[in-house]
Each structure stands twice: as structure tokens, then as C-alpha cells.
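K.L.:
Mind docking chains Y, F and G with the ligands on chain Z? Use the hints.
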Amino acid sequence: MTIPVEKAKWMYETMAKIRYFEDEMEKAYGEGKSPVFNIGAGPVPGEMHLATGQEPAAVGICAHLTAEDTVTSPHRPHHHAIAKNVDLNKMTAEIFGKATGLSKGKGGHMHLFDPAVKFSCGGIVGAGIPHAVGAALAAQMKNKDWVAVAFIGEGAANQGSFHESLNMAGLWKLPLIIVVENNEYGISVSKKASTAIESNDKRAAAYSNVAGAYVKDNDPEEMYRVSEEAVRRARSGEGPTIIEIETYRYLGHFQGDPELYREQSEVPSLREKDPILKWKNELIEKFSVPVQEIQEMENRARQAVDDAYRFARESEEPVLSSALEDVFI
Amino acid sequence: MTIPVEKAKWMYETMAKIRYFEDEMEKAYGEGKSPVFNIGAGPVPGEMHLATGQEPAAVGICAHLTAEDTVTSPHRPHHHAIAKNVDLNKMTAEIFGKATGLSKGKGGHMHLFDPAVKFSCGGIVGAGIPHAVGAALAAQMKNKDWVAVAFIGEGAANQGSFHESLNMAGLWKLPLIIVVENNEYGISVSKKASTAIESNDKRAAAYSNVAGAYVKDNDPEEMYRVSEEAVRRARSGEGPTIIEIETYRYLGHFQGDPELYREQSEVPSLREKDPILKWKNELIEKFSVPVQEIQEMENRARQAVDDAYRFARESEEPVLSSALEDVFI
Amino acid sequence: MTTTKQRMLTGNKAMAEAIAIEMERNPDVFVLGEDVGKYGGIFGSTQGLIDRFGEKRVIDTPISETAFIGAAIGAAAEGMRPIVELMFVDFFGVCMDQIYNHMAKIPYMSGGNVKLPMVLMTAVGGGYSDAAQHSQTLYATFAHLPGMKVVAPSTPYDLKGMMASAIRDDNPVVFMFHKSLQGLGWMDPLDAAVGEVPEGEYTVPLGKAKVVREGKDVTIVGLQMTMHYALEAAAKLQEEGIEAEVIDLRSLAPLDRDTIIESVKKTHRLVVVDEDYLSYGMTAEVSASVAESALYELEAPIRRIAIPDVPIPYNRKLEQYVLPGAQRIYDEVIQLMNE
Amino acid sequence: MTTTKQRMLTGNKAMAEAIAIEMERNPDVFVLGEDVGKYGGIFGSTQGLIDRFGEKRVIDTPISETAFIGAAIGAAAEGMRPIVELMFVDFFGVCMDQIYNHMAKIPYMSGGNVKLPMVLMTAVGGGYSDAAQHSQTLYATFAHLPGMKVVAPSTPYDLKGMMASAIRDDNPVVFMFHKSLQGLGWMDPLDAAVGEVPEGEYTVPLGKAKVVREGKDVTIVGLQMTMHYALEAAAKLQEEGIEAEVIDLRSLAPLDRDTIIESVKKTHRLVVVDEDYLSYGMTAEVSASVAESALYELEAPIRRIAIPDVPIPYNRKLEQYVLPGAQRIYDEVIQLMNE
Ligand SMILES: Cc1ncc(C[n+]2csc(CCOP(=O)(O)OP(=O)(O)O)c2C)c(N)n1
Ligand SMILES: Cc1ncc(C[n+]2csc(CCOP(=O)(O)OP(=O)(O)O)c2C)c(N)n1
Ligand SMILES: [Mg+2]
Ligand SMILES: [Mg+2]
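Residue numbers (our numbering), protein chains in the order written: chain Z, 3 to 331; chain Y, 3 to 331; chain F, 6 to 344; chain G, 6 to 344.
Check each hint, because a few of them may be wrong.
[To be verified] Cβ pair distances, simulated, as ranges:
1. Q243/G - R264/Y: 43 to 53 Å
2. L262/Y - S210/Z: 23 to 33 Å
3. S192/Z - N283/Y: 48 to 58 Å
4. E204/F - R312/Z: 49 to 59 Å
5. R264/Y - N145/Z: 30 to 40 Å
6. E201/F - K213/G: 52 to 62 Å
7. V321/Z - S192/Y: 31 to 41 Å
8. D309/Y - G205/F: 53 to 63 Å
Treat the hints as calculated values from the structure; they're not laboratory data. What you are looking at is a predicted structure, and each value in this text was computed from that prediction instead of being measured. From the three backbone atoms N, C-alpha and C, an ideal C-beta is built for every residue, glycine too.
Excised from the complex, chain Z in its bound form (with noise of 0.2 Å):
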């Protein structure tokens, strides 16, 4: 084991407090949405990207990562702007649409932002690359050693947006991470319909100074490790590295998703493989944290989501007349 025990104790925590916040968004998602479902109502409405099942991606990179360095993350960005340490009660409040929220309710699940830690999301597929090799850009500008990391889906690599950010990026040598999250489906199409290659950081091989590296299983320990090589490769100017993981996605697409497109037995037998528990086991058995400690960090990760969830239904609604506001500055 490389990993110094508190980056995993880290790690487990953080991935506890994006599974609690998941499991309530979904909860609390489906307010107001029976008996009949419908989209637009409850407390949160509108479309909903969860990534239970999800966490090793997002922590295992972010473990190596400090508020200078820069994320960029899709649809699916929950898991991300936890492990990135975006505020949570700000972050809880805006995907209730609420004026205490990150963006005062403007933005919602999909466009969270928080310029304090450089997190930043996005609902079109492929888009937030380019936004990472700005700030890759900047940081190389500016002489300082920060990095982009770029999540996307396994999906998102077919966008042209993928290819021209790493042609940009390897050209330049910019320290940008594309992390992959394969969890085998863009919405209802699989990876083997979708996509002409093994896996996505094979395709380092069409740019120079590019290196690509490949996480089965959803390994928490092996991202970690990726990672580590990854970022340090981008600190110290020596270029873009594609981070694939294998992961699994628990939930459809979006809830709501009939999933008439995947086998039923297919979700038992992922979530038998959850990388949560298995961490929680590692930590016992390979780094000797106490069971009473892991307790404690339990305890800390579902307080933070109670509270945030607490103040995001607590906070007021914007007024309408901030919907006119903040378009030119």
C-alpha cells in the first residue's frame, strides 16, 4: 500500500459523504414525484445525474489535488464537486434552486460552480475539456504548478471536443488530466456500440507527450495511484495524461430512466463489487483504523450532508426579479 493513511482515510470519508448526498438526492429528487412522476416537480426538479457507484473516480484524483487546481465536470457532477471540496451547504442549496445556492438558484444540479476551489460543470457532453485546458493554459502562464482535471464519460470521448483539447494540450504540454469515467453506457448505448477502442487512454497514443493509463474494477487504491503519476507528470511540465477508470453507474441515466435498454440482474451484481465497502475494509485490514474511527467518519460525512440538505431546505427562494439579473455584469 502507497497510499499514506490519511489520504485514505480521506478518501473514504469523502466517498461516504458523496454516497449519503447521492442516497438523499434521491430521496429527495423523488418528492413530489409520485404516485405520478414528473420531472418538473417537487423540490428539485428537473433532470437528475446521480453518480452512486461512482466515487473511486473522484476521489482517487482529488486526494492529489488543492483548491488552486481545477475542475472541470460534466451532467454527472455531484461525486466531483464533493471530492473537490466545493461548498456543500451552497451546493446542496442551489440544486434546490435556492437564492443561499451557488449560482442563487440559476444554475441547478447541472451548472454548479465554485470559483473558490475552481469547480465548475456543465450539461453538454465533451464541453468542459476545453474549459480545463484554459486553465492548464493559465497555470502555464502564469508560471505555477496547479493542474486541470477534466472529467468526463466514457461517452464524452467520441465529442471532437476530446481530440482537439488533447492535440492542444499534448502540443503545448499542458498539465491537464482527462479522467474517464467508464461506467459502460452514455445514457442507453453501451461502450461497445459507441466506441472504437478498447479503452479511452489507449488513445494517448495519437498525441505526443501524452500518457494514458487504465483503472479496473473501480479501484479506489489504483486511481489513487494513476492519479498520483498523472499529476505529478502534469506539475512538472512533462504533459496531459487520459485516466480511464472502469466504474459502475447504480442508477439510469437520469431518475426517471426506464432502463429497458440494460439486463435487470446487471445492478445487484455491480453493487455487490461496491468500492465503498471494500475500502472500508482495506482501511481496517491494510491501514488499522480502528472500526470506532471509521465510525467517527461516518458520523462527520453524514452530518455534513444533513446539514447542507437542512440548509437548502431552509434557505429562501430567490426573488423573481434576480431571474433579470446577472447578464451583463
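P.N.:
Relative to the frame of chain Z, chains Y, F and G with the ligands by itself:
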């Protein structure tokens, strides 16, 4: 020598025709543009991108194509059009903006369409690749062994459409061939300054079922050879190929380009290696074609070009009201 | 026109039915796009098609809009008749070059020698808190650029009939369907999303507006949701003794100016309502056309209702605040009648 | 405003000068785009900059508009002030997602917490037979979508002053310069492409139209080439005793409706002239704004002159036939005055 002599002769005659055509166009384009150069003046106004020196790319592959195969071409299209057997009279008339032109004078040099031989081109970098993908898909759906060739410049290989098209074509094993003409520049930007890979055929590694091949030194024979294999692969359903050919742009990016970004000495040294002259020697020495026959080929080529320019110059301008036609058909 | 018996269908089933009929009639018709296969289209526009026609004619694509819309263009140039889905109109930005520089222009740039008989279908509209990148209609963004027909039907009957026309049309057609009018199981169930749809084939011409309610006092022009809101407002206005004429635009390009002007000549008052952004939008074009051709017919200034030039906010109340609705239309008409 | 002595400059030199001054003032300002380095920008907008500021601050990019415009957004979010060039506006389709879904919306979607102080500069306009994919202005395509300022200056003086303002603005600004007004050595040399430009720094506010010629009989609204054509027409009209007031719009978003309405209140007649497509274009928005707010001021129907909803043809005569020009404006005004 594996090239059938008839093909070798066709390649020579066609390269000669292209060269005559481009030389003639250089002159025609210059008419009315001196002493003051005004891009909008003279019998051939607008931008003009000539392919003088880039003939081998066009003939090496078109030697393997029939009228049923599709070619898409970019802003520098004359050599491809001539090699694909586009109606030379109508093409020239189009470039002169005449009613007898391929597009009744509405398209011009960058927008040549000859459906009779499935040729098209356009002014947006990288945009023709997906069109070739579509032609390849149509061939596959119709169970035909037709292939689709997309010519692009090396600069265009950094456009997102390159990646998206190759992924899709690799995935579906489409009969697509991308020919990357590496003439070392995208306008003023050298390949080294734009492209994070030694050569674009190597980018085949990023896509299953895609092959790559490289042709050095503007060599017609090698271009013929690798094209033969690429076309065979495509026709037999094995999938796409990327061919990159090292070629030479003798002239500016467009006529009127001050070319301050390259050494003045560069061009004469390129012209010294002229592929048409070399091919003429090959014909004489290796294929034992009598000099007189070569003379006849040159005469025929010259004649076809002269006829086309005469046809173009003598043709009528379109009537004004035709500007409002052909929008909805 | 062969109809059999009356039956009610949702918007998306009506569309999918038209596609199925055309695929049956013509082997060159095929569908491609993201999740059009097993999923049946995120908004149900291709439901059932893969089972009937197989995955060779109903093709799931990678998330590569430039490549697959471009491929549709290439296939159309070869004589195929592709129907290609852009999942949300909001995503046009990753592939607009293929749409407007190629699909829309190649017929003209080729002097009419290359036809592109293809349909680009796409979902538009908001109102369910999907925020700034998933709620737009962008009607004018498409309609402003010449060379493509741009239609936006409002009823299941028209969705089916205009889809049939679009597929048979030899021109590229952008076919916009409104998410709220598809009858999706996971959206607010609207009455307007279900309607009478005859079985079998029929066509509704592209490029014709329709007077969906006659009236003598004021003309309200809308399309898709704003047309339905206009009808709602008109019913309320009737209670006040105001007879509103409501026009369903149905087509943005070509724009049926005659029907609008005809109506204004009768009512002398005009309100234009749009779910797109206000400035440089549909409300502008309709208003300008009237100010050009029927200025003297107007007895009061034209009124325009649309999204007030801000991105669409996520919060439900903020979104409702910027979206046009029946109440807003009602209020504007009341004010207008008092001028 | 510090001016030193009078001197004449071409449009592109004026722009490049503004960029140089701002780069001098603020180390966060940098330029990226295709051929902006040694070439100095295809239209000369960055000439001389690489020699002065080096290739770290004047960056030639690959032909990857999505990546480099997206990178400009990412860099702006980090506090840099990028100026990014989209070589021809016609190419917007390969990168519009970055422009309108991100550059234009992030400030709003972040509740004002992320500022994007960047300039997207791009060349517009035709008239030199560059055909359908290289001759458009697309003014309305950009102006319709909220969140970005869209400006289009017509004179070297404004090109310099508005570029300075654009760079200093904390909002994303789309800065359109007209190819014919750059004073390029390889285009038709127009008088209007050269003008008085003070040395040193000065700014011209964004979002303000300008009355460039006063008159009492008719208002002509144009911008860039159509403004110059309007001035030409106005000079001829004067010989007929008609005093045209000419407004240079300069900014499409925000649109200075007040200046237009003010003028119409004086002249009571309006002609709007645009080098963009007619329908859903600038002529529509200006006309609609007047029909909304100053209807009773109009003594005759509004007239609109623009490209008649066809792609731009290559042939010189066909192109001139669809483009607006001074003669056409003159004719329309004469007709209008007789109504
Ligand atoms: C450009 C674009 N095309 C399509 C979509 C619709 N869409 C949203 S998420 C998604 C699937 C993304 O798959 P993947 O990248 O694998 O991410 P995952 O959802 O699996 O996390 C699609 C097609 C979009 N938002 N943007
Ligand atoms: C999308 C797009 N971006 C930029 C341009 C402007 N442009 C036209 S040709 C060209 C250079 C192309 O270089 P390359 O692909 O190497 O072809 P070459 O000109 O060398 O034949 C550029 C940048 C364009 N036409 N389309
Ligand atoms: Mg996925
Ligand atoms: Mg090149």
C-alpha cells in the same frame, strides 16, 4: 514496379492536366488584379487555393476509384476534382462564375459539386469527412462495395470532425479512407506548431479497425500502392484507413498570400523534387513508355485544359434572378 | 388522405407513426441519432421503430453530432432519406456547421444539382426546470439561416402529418417538436399533448400557418406552447367579451406572412408570443412583417411576449417568470384593448 | 481620453493598436487564434503583436476552434483576459456550443460568480465573391442569444475605441469587424476603411448607437457596410432635397433602441438596412422595436433591406444583386417619401 502501365500513364496524364489547370488558373486569377491586387477583381474573384505540387495525393488514390466511389474535398479541391474525373468544362466555368458551371455560378472554386462522379468539396476545414462517412454508410446500407475518400489537409486533422468520423467509421467498419495531405502548413502555421503527432496515420491507433499508412516525399508510386491496399480493405469490409502523404505546397495558402511565415528558399528546393518530372522519368525508364507517347499525353492534357478555359470564358453569366432560385427545390 | 377511425395519440406516438409509415413506403428512409434504438428516442420520437425495422435502419450513434449529422448529409447526397435526431436543440452548437453551412447550403451552392432530402428532428422547449442548456427553443436561430425549412408543429395531428411531409420533402427540413407536447410519461401531462390522429398515411403541408381560433378583436400569433397558451388566454378573454383570433404559426421558414396579415386586416391588433428569446426572434420577424406590409391596418402598437433576453434560469419560479404564459398573454391583450 | 495628434489609420491597424495598448496595460490580456502570430491575423487584426509581446502572449493555435475558444473561456474563468479570434464568423458552427452555451451563459448560470472577461473577435461580411461559406455577417445569429455583448464598429476610430472597451469589459464581448473596413492591401481599397485615429488610449462605449448624419425626413439605420452605404445614399438624396438621418448601430446587443426611436420621432419614416439575412434579422428587431414603442410616430410603412434569405452566391453580379447597396437604399427612400 507493381503499377499497371495503363494506370501509370493515367496518373501521368492526370497530373499533367492538374498542373496545366493550376498554372492556367494562377494566370487567370491574376487577371484584373494588377497593378493593385484586389481579391474581388478580375474574371476569377474570391479566394483561390491552388494545389500545384500536390498532384500525387490525388492521382495515387483516384487511380483506384470509379464514378460510384465518393470523394469529398476541402478548400483546395482542383486536383481531387480532376483526378475524380469531374466535368472539366463545367468545373472551370463554375470557377469563372458562369451559368454553364457545375453550380450555375453560385458555388465557385470552393464549392464544386459533380454528382455524376460523386464529387463534392467545401470551404470549412474538416467538414467533408463526415460527408464521406455518410456516403460510406450509404454504400454499406445498399450492400455496394463503393468506397468514400475524404481528402483533408494536415491542419484539418486537428478538427473534432476527424476524431468523431474515425470513431464512427471504425466502429461500423465503414469503407472510408481519409487522405491527409501534409503540405507542412495550415495557412501560416507549421505542422510542428499545430500537431501533437509525428504523422496522422499514427492516429489510427486510437480506433479499432482503422489502418494507417504513410507516404514519404510526395511519391506517386507509394501513394498508388498504399491506396490500393486501403481501397481493398474498404471494399472488402475491413474498415477505414488513414493515409498521410508528405506533399508540397509550392504556392501561398491562397493567391495573394504574402508568405512572410516561410523562408523564401523553401519553395525552389521543393520544386526541385517535382513529382511530375520524376514520374515522367519513371514512365520512360521503368515503364518504357516512348517519349512520343508522353508528348501525346501532355498534348491531350493541355488540350483538355485549354478547351475548358475557352468554354468557361466564352460561357454566359447567369441571369440575376437565378440568385433567388435553388433555395427550396 | 386515408383515415380510418378516430383515435387519440400522444405527440410522440404520432410522430413515430409517421416515421414508421414512411419507412415502410420507402426503403431509403432511415433513422440515426443518440438513443433512437432500444431507448426509442429520449422523447419517444422513434419508439417501436427498432423492433420493426431493425438496427440497420434505426441506428444508435456515438455522442458525435458533427459526425452523424454530417453522415446524414453524406447519405442524403447519395439518395438516402435520413431522419437524424439532435436530442435537444440546445446542443446545436457542437454541430451547427454541418447543419447550416452544409445541410442548408449545399442544395443552393450546387445550383440545385445536389438535393438533400433529410429531416433533422430535435426537441425544444422548457418549463420543467432543466435550466439554461436544456430548455431553449432557438426557433429564430434556425429560421434566420436560409436554405432549410424550419417547422414546429403544435398538435399530434400536425406532428404526424408534417413529419410525413418533411420526410417526403426534397429539401432539408428542421423538425422541432416540443417536449411538453410529446405526451411523455415523465412530464407534466398536458391535454394538448394528446390529440386526434387518424390511422394510416396523410400529410399536412409545410409552410402554412393555421387560424386555430377565429376572432375579430385581436390577433395572437404563437406556436407550440405559446399557441396553446394563446388559446387558453383567448378562452378567458372571451369571458370579457374579447374575441381573439389565434394563429398557430407551425412553420418558421417559410413563414406564412399572408395568413398573419390577413388576420391583422380583420382584427387591427397584434400580439406575438414566443418561447424563444425576445430580441431578433420570431416576435421581431412577425412584427416587422406587419409593420412593413400592413402598417395602416394597425390600430394599436404591436405587443411582443417572449423570454426577456436572459438565459433560462433553473429555479421553477424564476423560469416561470421569464417564460410566456396564458396569464401574461391575457394581461397584455387586456392592456392592448384599452389603448 | 488622451489623444495626441491627428493621424489616419486603417481599421485593422486601429484594432491592433487597441490590443497592443491593452496588452501593455494589463499582463493578463493575451491573444490566441489561427494565424494570429507571424501572419498577424488573416485580416491584420493582430499585426505586429507577436514581435512586441512574443509567442507566449500571441498564440497560434491548431485549427481547433472548439478547443481554443473553450480554452479562452477556461482561462478567463481563471482571471485572464483572452482575446480569441474566430477567423471568419462563418466558421461559428464548429464552435458555437462554446460560444453561446458556455461563454455567454456561465456568468448567468453561476449567478454572477464567474466572470468571463474575454473578447471573441471575428471577421464578417462579403462583397468580394467569397461565396456562401465565407461572406456572411450573421449579426442576428449572435445577437439573438443572450449573455454576450455583440458589437460591430464601422470606423477605424470606433474599432480602436470599442476594442479597448471590449477588452476592459468584464462581460464576454463578440467583436465583429468587417473585412471591407479593415483597409486590407488585398481588398478593394475603400475610403471608409481609413480614418482618423488618435494615438494613445481612449475608449468608445459599447452599446450606444450613433447618429452619424442628421436629417429630418427619414431615418436610415445600418451598421458597418450598410451604414456607409446609407451615408452614400443620403448624400445623393440630399441632391433631391431629402434630408436623411443616418444611424450607425455599432452595437447589436445591447441594442440602443432609444437612439432609433428618438430619430423616428423626428423623421417619422424608417428604413433599416442590413448585410445579414432578412428574416429574423437586425432589420426585424429594429422594425419591431419601433412598431412596439413608436408606432404612432410612423407616417409610412417601415422598409427593410437585407439579403433576401438565400445563401450568398459566388458570381459577382449575383452577389451584388442580393447584397444591399447605396443605390438600393436610395431607391427605397425615394419610394418611401412618395408614400
Ligand atoms: C453534445 C451533447 N450531446 C448529447 C447530450 C445528451 N446527453 C447527456 S448525458 C449523455 C450521455 C453521456 O454519456 P457518458 O459521457 O458516458 O456519461 P455518463 O452519463 O455515463 O456519466 C448524453 C448523450 C448532451 N448533453 N450534449
Ligand atoms: C473550421 C474552419 N476553420 C478555419 C478555416 C480557415 N482555413 C481555411 S484553410 C485553413 C488551413 C487549412 O490547412 P490544411 O488543412 O493543412 O490544408 P491546406 O490549406 O494546407 O491545403 C484554414 C485555417 C476554415 N475554413 N474552417
Ligand atoms: Mg457513461
Ligand atoms: Mg496543410
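K.L.:
Against each hint, give a clear statement of whether it holds in the structure.
P.N.:
Verification of the hints:
Take Q243/G and R264/Y: their Cβ atoms lie about 51 Å apart, and the range 43 to 53 Å holds. Between L262/Y and S210/Z the beta carbon distance is about 27 Å. The supplied range of 23 to 33 Å therefore holds. Between S192/Z and N283/Y the CB atoms are about 55 Å apart, so this pair conforms to the stated range of 48 to 58 Å. Between E204/F and R312/Z the beta carbons are some 55 Å apart, a value that agrees with the proposed interval 49 to 59 Å.
At about 32 Å, the CB distance of R264/Y to N145/Z agrees with the hint of 30 to 40 Å. Taken as a hint, the range 52 to 62 Å holds for the pair E201/F and K213/G, whose Cβ atoms sit roughly 54 Å apart. Restraint check, V321/Z to S192/Y: a C-beta distance of roughly 55 Å breaks the suggested window 31 to 41 Å. Distance hint check for D309/Y and G205/F: the Cβ-Cβ separation is about 56 Å, which falls inside the suggested range of 53 to 63 Å.
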